[in-house]
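FYI, in the working numbering the residues of the sequence shown are 96 to 452.
Accuracy of the hints is not assured; some may be wrong.
DEER-style ranges, computed between Cβ atoms [said to hold, decoys possible]: (1) W145 - E427: 51 to 59 Å; (2) S215 - R347: 39 to 47 Å; (3) A290 - S142: 31 to 39 Å; (4) R281 - T342: 30 to 38 Å; (5) T104 - G127: 16 to 24 Å; (6) G398 - V109: 54 to 62 Å; (7) A290 - S339: 37 to 45 Å; (8) R262 - S215: 28 to 36 Å; (9) D431 - A118: 29 to 37 Å; (10) P221 - D431: 38 to 46 Å.
Hints are computed from structural coordinates only; laboratory data are not their basis. Just so you know, these numbers come straight off a predicted model, no measurement behind them. Backbone N, C-alpha and C fix where the C-beta goes; we use that ideal spot for every residue, glycine too.
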Amino acid sequence: MDAFRLFATDYRGVQWAGGYTQADFYADHDRGWPLSGEIEALSALASGFWVSRRNNVELLLVPPIDLPMSERLITSAHIGDRRILSSSGPGQHVVEVLGTKIAFSYEPSGDALWITADASNDLKHPFLENWLTEPLRILLGTPIYPRMVARNLGDGTAHVWLRPSPRHKAASPIGLLQPFALERGRAEQFWTLYADILSFITNAGSFEAQELTRYYDELAHAQLGSRWVLTLTLVGTAEALANSLMTDDDRRSEFAEDMLDSMREHIEGWAEDAGLRARMLSNLGMISRRSVLAFMRGLGRAGALQPAHIQTWYEVRNSVMHGNLVEPWSTEEGDDRLHQMIDLVHGLTRARIVAGR
Numbered sequence: 096m097d098a099f100r101l102f103a104t105d106y107r108g109v110q111w112a113g114g115y116t117q118a119d120f121y122a123d124h125d126r127g128w129p130l131s132g133e134i135e136a137l138s139a140l141a142s143g144f145w146v147s148r149r150n151n152v153e154l155l156l157v158p159p160i161d162l163p164m165s166e167r168l169i170t171s172a173h174i175g176d177r178r179i180l181s182s183s184g185p186g187q188h189v190v191e192v193l194g195t196k197i198a199f200s201y202e203p204s205g206d207a208l209w210i211t212a213d214a215s216n217d218l219k220h221p222f223l224e225n226w227l228t229e230p231l232r233i234l235l236g237t238p239i240y241p242r243m244v245a246r247n248l249g250d251g252t253a254h255v256w257l258r259p260s261p262r263h264k265a266a267s268p269i270g271l272l273q274p275f276a277l278e279r280g281r282a283e284q285f286w287t288l289y290a291d292i293l294s295f296i297t298n299a300g301s302f303e304a305q306e307l308t309r310y311y312d313e314l315a316h317a318q319l320g321s322r323w324v325l326t327l328t329l330v331g332t333a334e335a336l337a338n339s340l341m342t343d344d345d346r347r348s349e350f351a352e353d354m355l356d357s358m359r360e361h362i363e364g365w366a367e368d369a370g371l372r373a374r375m376l377s378n379l380g381m382i383s384r385r386s387v388l389a390f391m392r393g394l395g396r397a398g399a400l401q402p403a404h405i406q407t408w409y410e411v412r413n414s415v416m417h418g419n420l421v422e423p424w425s426t427e428e429g430d431d432r433l434h435q436m437i438d439l440v441h442g443l444t445r446a447r448i449v450a451g452r
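Kindly generate the complete structure, drawing on both the sequences and the hints.
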């Protein structure tokens, strides 16, 4: 179980920590015993002229993700004064959240995406570097983590991390706003939602991912499994989101307290079968609090959710939670049910962002 812990010094004198690694050596080499191994990440407290003096964070996403940009990047090639080639692509977008401007900009090569933002009282170290990508994971429905993180402290020093990131960042159907270019105004809605979600996430004030982000992380991973796994994750996510929206008043039973007390006394006085009596009392306890289904139907009547989607959730939940397999999504009915379940999760997500909890 012993392993080497790697430290290294680069050509500028910066000390890097590489964590633990298993190293192999080659005894048949003609110049000593060279070591070879893999590490998970590199980190350093960097200083020098190349470190930003701004109190901010810089995130580098490699490979980049596809985002709607408001400014185009135009590249031209010339021979002398004659232009021989011109190309145009996504360039940059700046969104303001809680008084802070967050810039998203592509490298001219198109091989990387930078996300930069100044720290503030609301968007502060060390949380900011994690918060900036959480809304993207919800909106795109796929794991998004930066390849490089630089936490610039504003005094000429920076904590820098180089770490693995997902190689494929293609958006998925479970993303809250996919595809963002489907219709006119969709790109603007994307950035409005980004700002709303980031503001929502900051309320938790946690270095770890917000609960809502973790639900979408689970959905992203569930897509790699079977149809049954994805269905179970969808129904569970919808129930968890609805539960998180319910207040103490929402949990009160739709039946009056005196009616419940009267029924309890009636059942307790029935003495023919103790086992049946105990089960009926247990069921009475369940209806003494409002169910998630009843709460969601209330949201349906208010127009926040589609009643048909709620009914689909109820039917699918009762089926898969009792061990029944799901019909293939390749069928028209199965495909329609899948989209209804995803839309229900999206509706509950939006309701939670609006509620701010």
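Verification of the supplied hints:
Distance hint check: the CB atoms of W145 and E427 are about 58 Å apart, consistent with the given range 51 to 59 Å. The supplied range of 39 to 47 Å is met by S215 and R347, whose beta-carbon atoms lie about 40 Å from each other. In this structure, A290 and S142 meet the distance hint of 31 to 39 Å, their C-beta atoms being roughly 33 Å apart. Restraint check, R281 to T342: a C-beta distance of roughly 33 Å satisfies the suggested window 30 to 38 Å.
The hinted range of 16 to 24 Å is satisfied by T104 and G127, whose Cβ atoms lie roughly 19 Å apart. A C-beta distance of roughly 57 Å is found between G398 and V109, which places it inside the suggested range of 54 to 62 Å. For A290 and S339, the hinted distance range of 37 to 45 Å is not satisfied, since their beta carbons lie about 21 Å from each other. For the hinted restraint 28 to 36 Å between R262 and S215, the CB-CB distance of approximately 33 Å keeps it satisfied.
The hinted range of 29 to 37 Å is not satisfied by D431 and A118, whose Cβ atoms lie roughly 55 Å apart. For P221 paired with D431, a C-beta distance near 44 Å keeps the hint of 38 to 46 Å intact.
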